[in-house]
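A.B. asks: As given, the protein sequences belong to chains A and B, one line each in that order. Residues in the first sequence are numbered consecutively from 115, following the numbering used here. Residues in the second sequence are numbered consecutively from 9, following the numbering used here.
Keep in mind the hints are simulated off the structure, nothing from the lab. Please note that a few of the clues may not be correct.
[Stated by the list, open to error] With a Cα cut of at most 30 Å, we get these calculated BS3-like pairs of lysine-lysine:
no., chain 1, residue 1, chain 2, residue 2
1, B, K10, A, K332
2, B, K109, A, K367
3, A, K367, A, K352
4, A, K367, B, K140
5, A, K352, B, K140
6, A, K367, A, K177
7, B, K147, A, K367
8, B, K147, B, K109
9, A, K242, B, K10
10, B, K47, A, K467
11, B, K127, A, K367
12, A, K339, A, K295
13, A, K367, B, K47
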Amino acid sequence: MASQILRRVLRRFSSTTSSSPFSSNPYPHRNFDRCLSSAATTPITATLFPGDGIGPEIAESVKKVFKAAEVPIEWEEHYVGKEIDPRTQSFLTWESLESVRQNRVGLKGPMATPIGKGHRSLNLTLRKELNLYANVRPCYSLPGYKTRYDDVDLITIRENTEGEYSGLEHLVVRGVVESLKIISRQASLRVAEYAFHYAKAHGRDRVSAIHKANIMQKTDGLFLKCCREVAEKYPEIKYEEVIIDNCCMMLVKNPALFDVLVMPNLYGLTPSCNIGEGGIVLAEAVHGSAPDIAGKDMANPTALLLSAVTMLHHLELHDEADRIQNAILTTIAEGKYRTVDLGGTSSTTDFTKAVCDHL
Amino acid sequence: MKLADGLFLESCREVATKYPGIKYSEIIVDNCCMQLVSKPEQFDVMVTPNLYGNLVANTAAGIAGGTGVMPGGNVGADHAVFEQGASAGNVGSEEIVAQNKANPVALLLSSAMMLRHLKFPSFADRLEIAVKWVISEGKYRTKDLGGGSTTQEVVDSVIAALD
């Protein structure tokens with residue numbers, strides 16, 4: 115398993131020079147800092163949404179670990195309101211959104227979306243308002259923690275703004291509801307471009323487009339057409355198309371087969387085989403808010419911590435990111451401090467302290 | 009998808025109240041997929057709308073052994089058609105057919121389901137027990153289950169096991 119970490123680190127170093135809009139550095143003054151130590155000049159402000167349920171506890175963990183690692187980040191915390199803000203049509207206030215717009219970077223804990231009520235989902239609001247069009251989730255086996263599968267190392271890149279989650283539903287007649295699935299050329303091209311660029315920048319050799327174009331010929335058909343167009347521009351990367359049914363099956367039987375997966379919005383729910391996932395720009399923990407264990411100091415902060423690591427990479431704070439990631443992986447591999455969901459008995463605080471000690 | 013899936017849930021809840029002896033719970037499909045992969049034994053009967061059902065069924069099939077072993081049925085008010093539970097979107101090709109490696113278990117178990125539907129429980133039981141015995145014995149298995157037998161060999165051993 116150590117070879118996996120080595121591989122990942124090597125990939126990163128081999129791709130440091132990529133000049134494209136996606137890796138354009140929004141913080142040019144930091145270029146020199148990266149070569150020296152992690153002593154930064156000005157701290158970066160990032161928005162933090164602790165979220166609800168176990169959110170605040172695991173957000174605390176992130177703050178503790180970052181402080182112990184001396185990461186130059188200042189948090190601007192925002193909470194979900196109790197009433198709907200008319201300016202945003204959701205529980206997220208205008209100020210919260212503005213904060214992320216200004217800081218350009220954020221970390222988000224799980225946010226419970228009440229089921230069935232009429233207002234906009236919080237996660238959806240964030241994605242639409244900030245135009246976060248790609249949802250990136252790296253899934254890799256954590257060394258030292260045995261699960262059903264080893265050698266998982268895949269990334270799912272999911273179109274984040276349209277598809278079945280367009281939020282366009284209406285009541286046709288009592289007892290019949292219609293939901294619209296929208297796929298556009300622009301959004302599909304955008305996410306496909308991102309997927310191929312990501313694959314190239316991270317040294318991955320295959321991109322698989324997941325679809326159900328055999329049934330949804332026009333919508334998923336359009337998505338596939340866009341993927342093919344982009345694939346032609348990257349001849350060195352292998353491109354294949356996999357029907358979602360088959361993909362689900364292969365994912366549970368042999369996830370090592372997959373590399374980079376790109377898909378329209380709904381199919382992103384394909385099962386993730388492991389812990390350790392993150393998002394981009396607005397790094398988020400993919401799990402729910404687990405209201406049943408909230409406040410009991412039992413939650414596993416790993417997902418949010420690893421998401422925060424992804425955020426650090428995005429901010430080009432690679433040293434800090436690697437240090438924290440290694441600390442987390444070492445703690446889990448050691449096995450002494452593991453939270454309940456990983457089969458251990460440690461509390462959130464104990465696990466966090468162990469990670470800080472490993473820094 | 010509040011309205012659409014909201015309506016689905018409302019309907020499920022209505023029916024659930026008529027069966028107080030059966031536990032009813034709801035789970036968001038994202039969480040469900042994750043739970044399926046990590047702890048599938050927590051699930052018993054799962055009811056879903058169309059698209060999710062496709063994904064969940066294929067995932068469950070992958071966990072339980074693959075498309076080659078999972079039976080299924082399509083049931084309506086007046087008719088019922090039984091077939092393999094999960095096809096993973098492909099039906100094979102000429103070469104695969106010629107190689108005689110297809111796994112007949114899924115379709116055999118689906119026919120057992122059909123027999124049960126037709127109210128022939130003893131025939132259904134006999135068939136199911138024979139098939140399960142052949143699989144657990146392990147001597148005759150097709151390629152997808154890690155063996156090297158042909159379709160015909162598996163079928164012959166099921167017939168032999170019927171008694």
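A.B. asks: Please go over all the hints and tell whether each is borne out by the structure.
C.D. replies: Here is what the structure says about each hint:
Between K10/B and K332/A the alpha-carbon distance is near 25 Å, which keeps this suggested pair within the 30 Å criterion. Simply put, K109/B and K367/A have alpha-carbon atoms about 19 Å apart, close enough for the 30 Å limit, and the pair holds. Proximity of K367/A to K352/A is assessed by CA-CA distance (about 22 Å); at most 30 Å being required, the pair is judged to hold. Between the alpha carbons of K367/A and K140/B the distance comes to roughly 21 Å, so the proposed pair stays at or under 30 Å and holds.
Restraint check for K352/A and K140/B: not satisfied, since their Cα atoms lie roughly 41 Å apart, outside the 30 Å limit. Straight-line distance between C-alpha atoms of K367/A and K177/A comes to about 37 Å, which puts the hinted pair past the 30 Å bound. Between the alpha carbons of K147/B and K367/A the distance comes to roughly 22 Å, so the proposed pair stays at or under 30 Å and holds. As the CA atoms of K147/B and K109/B are separated by approximately 15 Å, the hinted pair is consistent with the 30 Å bound.
Proximity of K242/A to K10/B is assessed by CA-CA distance (about 17 Å); at most 30 Å being required, the pair is judged to hold. In summary, the hint linking K47/B to K467/A is supported, as the alpha carbons are separated by about 29 Å, within the 30 Å threshold. With a CA separation close to 35 Å, the supplied pair K127/B and K367/A exceeds the 30 Å bound. About 17 Å separates the Cα atoms of K339/A and K295/A, which keeps this hinted pair within 30 Å; it holds.
Distance hint between K367/A and K47/B is fulfilled; the C-alpha atoms sit about 15 Å from each other, no more than 30 Å.
Hint violations for this structure: numbers 5, 6, 11, all remaining hints satisfied.
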